[in-house]
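Novice: Here the working numbering is used: the first residue of the sequence shown is 12, the next is one more, and so on.
Heads up, a few of these hints could be off.
[To be verified] Here are the simulated lysine to aspartate or glutamate pairs, EDC-like style, with alpha carbons at most 20 Å apart:
1) LYS171 x GLU153
2) LYS176 x GLU98
3) LYS66 x GLU56
4) LYS154 x GLU98
5) LYS14 x GLU114
6) LYS171 x GLU124
7) LYS190 x ASP223
Since the hints were made in silico from the structure, they are not lab data.
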Amino acid sequence: MKKGVLLVVHGSRFPKWRQVIHRLVKDLHIEYPIEIGFLDGFGEEGITEALLGLKKNGVTQALVIPLFVCSGSGHIEEIRFSLGFGEGRTISYFQEITLYWREPLNDHPLIREVLKERIQDLSINPEKEVLMLVAHGSQSGEKQDVWEAMVARMASSFKKEFGFKGATYATIRPNNLKKRALAVSRNHSLLILPLFICEGYYTKKFIPQELDGVLYRYDRRPYLPHSNGVRWVEEMVENWV
Numbered sequence: 012m013k014k015g016v017l018l019v020v021h022g023s024r025f026p027k028w029r030q031v032i033h034r035l036v037k038d039l040h041i042e043y044p045i046e047i048g049f050l051d052g053f054g055e056e057g058i059t060e061a062l063l064g065l066k067k068n069g070v071t072q073a074l075v076i077p078l079f080v081c082s083g084s085g086h087i088e089e090i091r092f093s094l095g096f097g098e099g100r101t102i103s104y105f106q107e108i109t110l111y112w113r114e115p116l117n118d119h120p121l122i123r124e125v126l127k128e129r130i131q132d133l134s135i136n137p138e139k140e141v142l143m144l145v146a147h148g149s150q151s152g153e154k155q156d157v158w159e160a161m162v163a164r165m166a167s168s169f170k171k172e173f174g175f176k177g178a179t180y181a182t183i184r185p186n187n188l189k190k191r192a193l194a195v196s197r198n199h200s201l202l203i204l205p206l207f208i209c210e211g212y213y214t215k216k217f218i219p220q221e222l223d224g225v226l227y228r229y230d231r232r233p234y235l236p237h238s239n240g241v242r243w244v245e246e247m248v249e250n251w252v
């Protein structure tokens with residue numbers, strides 16, 4: 012029996028996206044072989060190719076770690092289906108490899124630490140500021156409920172911890188970002204914090220363009236690169252029984 016790890020990520024047209032993920036894997040201190048499967052991968056970087064790479068390495072048991080912001084992501088269901096995980100199942104099979112499922116980042120304490128660092132850099136006078144977390148969201152009502160529950164927990168916690176005048180959230184799908192930002196910015200100092208894995212289209216272009224004409228302060232830094240991303244993957248592997 013030989014164990015291995017499959018790290019599943021979305022990917023992006025931005026070259027830096029892949030560079031950040033490859034750097035994360037390089038920085039890992041784990042005892043098992045690991046392969047990266049990009050959801051938008053092609054050639055040697057797809058999920059199937061990653062699993063075949065593990066198989067060639069003699070792996071018979073693999074931990075599947077989806078490096079996604081939220082369990083409400085529509086891609087999670089897609090990934091689980093492609094890997095043979097039925098509803099509610101945490102074990103599946105790929106040829107001769109037994110696969111074990113882990114949940115995405117969600118509001119894990121290590122991710123909350125990353126966001127708290129961003130908030131500390133962004134906030135000046137919290138009692139007069141309203142924090143707005145911006146997440147991708149989902150057009151599916153059920154999945155959107157998962158997204159909103161997660162960001163609502165985060166917003167409520169950060170409000171109490173930092174003493175903000177208020178804390179709220181917005182999503183890109185469905186897109187309520189500008190409407191909510193305008194409502195807040197009329198009477199309060201608005202802080203915008205994005206919840207995304209790596210820098211890309213949404214953090215660099217969409218959010219600033221959508222908020223054109225709105226008065227706000229913005230820290231566009233995503234979750235990665237950050238040492239807590241490495242620590243999170245290592246923790247998932249360490250907790251693998």
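Novice: Hint by hint, note whether the structure agrees.
Specialist: Hints versus structure:
no., hint, result
1, LYS171 x GLU153, "violated (28 Å)"
2, LYS176 x GLU98, "violated (41 Å)"
3, LYS66 x GLU56, "holds (15 Å)"
4, LYS154 x GLU98, "holds (14 Å)"
5, LYS14 x GLU114, "holds (19 Å)"
6, LYS171 x GLU124, "holds (15 Å)"
7, LYS190 x ASP223, "holds (12 Å)"
Consistency note: the structure conflicts with the earlier hints numbered 1 and 2.
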